[in-house]
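Asks: Letter by letter, the sequence shown follows residues 1 to 193 in the numbering used here.
Worth flagging that the hints you see were computed from the coordinates, not collected in a lab.
Nothing here was measured: the structure is a model prediction, and the numbers come from that model.
Errors might be hidden in some of the hints.
Here are the simulated EDC-like cross-link-like pairs (lysine to aspartate or glutamate), alpha carbons at most 20 Å apart as the crow flies [stated by the list, open to error]:
(1) Lys-60 / Asp-49
(2) Lys-60 / Glu-35
(3) Lys-60 / Asp-88
(4) Lys-60 / Asp-104
(5) Lys-60 / Asp-34
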Amino acid sequence: MSLVELIAQADERGLAASGLACLDRCLPLLGGDDEVLRPLWADLADGGDWGERLEQVRSKLGDAGACDLGPEASVTDEAALLARRMLDAAPATRSHAAVRVWADACSVAALRIHRLLEGAATDEAGESLADARREGRTEGMSPLVAAELRRQITVLELLAGHGAAGIRPALEVSTEGRRILRAVVSRRTRRRG
1 MSLVELIAQA
11 DERGLAASGL
21 ACLDRCLPLL
31 GGDDEVLRPL
41 WADLADGGDW
51 GERLEQVRSK
61 LGDAGACDLG
71 PEASVTDEAA
81 LLARRMLDAA
91 PATRSHAAVR
101 VWADACSVAA
111 LRIHRLLEGA
121 ATDEAGESLA
131 DARREGRTEG
141 MSPLVAAELR
151 RQITVLELLA
161 GHGAAGIRPA
171 LEVSTEGRRI
181 LRAVVSRRTR
191 RRG
């Protein structure tokens, strides 16, 4: 089943986990520590107050500030802006309709971030390429983007197949992806410096 089909069939918890997992994997771009999103993961398991926990996370990660990228902006800056928009777009209420829109947007943004960080150009063809990937067409896909796509699919399959019991393994999948992205960002920073 393609990623688009999995998102279309996911329940509210699966969609929230999908969006949260994308954000979690991109956390190194926001400068947050590895535990900053744990309250939201806990909310998926215990049904706490998502909105309150989301505000706490936003407070810890600071304000996005201006969303303008100047001519001197780096690829990492652009990727960080996309990650920040994922966080800013997270719905305060975990309703099915709201998290569906968020999960879909996070999926596209996370694939685009991985594409940017591997050095691919950002153009309209890149946007349609991300859509093709999400629909299951994977020819010519780079290893970094392919791994991100697999993680997105795995998270949705875990939640669809195991419900709340799929949260811990979904978090483990995201933790692995976060480590990889952190290494990619670190490598790019060293090259620039």
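Asks: Decide if the proposed pair is consistent with the structure: Lys-60 and Glu-35, CA atoms, cutoff 20 Å inclusive.
Replies: At roughly 11 Å apart (the allowed maximum being 20 Å), Glu-35 and Lys-60 satisfy the hint.
Asks: Lys-60 and Asp-88 were given as a pair; does the straight-line alpha-carbon distance stay at or below 20 Å?
Replies: Holds, at roughly 13 Å.
Asks: Against the 20 Å threshold, does the CA-CA distance of Lys-60 and Asp-104 hold or violate the hint?
Replies: Judged against 20 Å, a Cα distance of about 25 Å means the pair is violated.
Asks: Compare the distance between the alpha carbons of Lys-60 and Asp-34 with 20 Å, and conclude whether the hinted pair is satisfied.
Replies: At roughly 12 Å apart (the allowed maximum being 20 Å), Asp-34 and Lys-60 satisfy the hint.
Asks: Check the hint pairing Lys-60 with Asp-49 against an upper bound of 20 Å on the C-alpha distance.
Replies: 17 Å, holds
Taken one by one, the earlier hints fail for this structure only at number 4.
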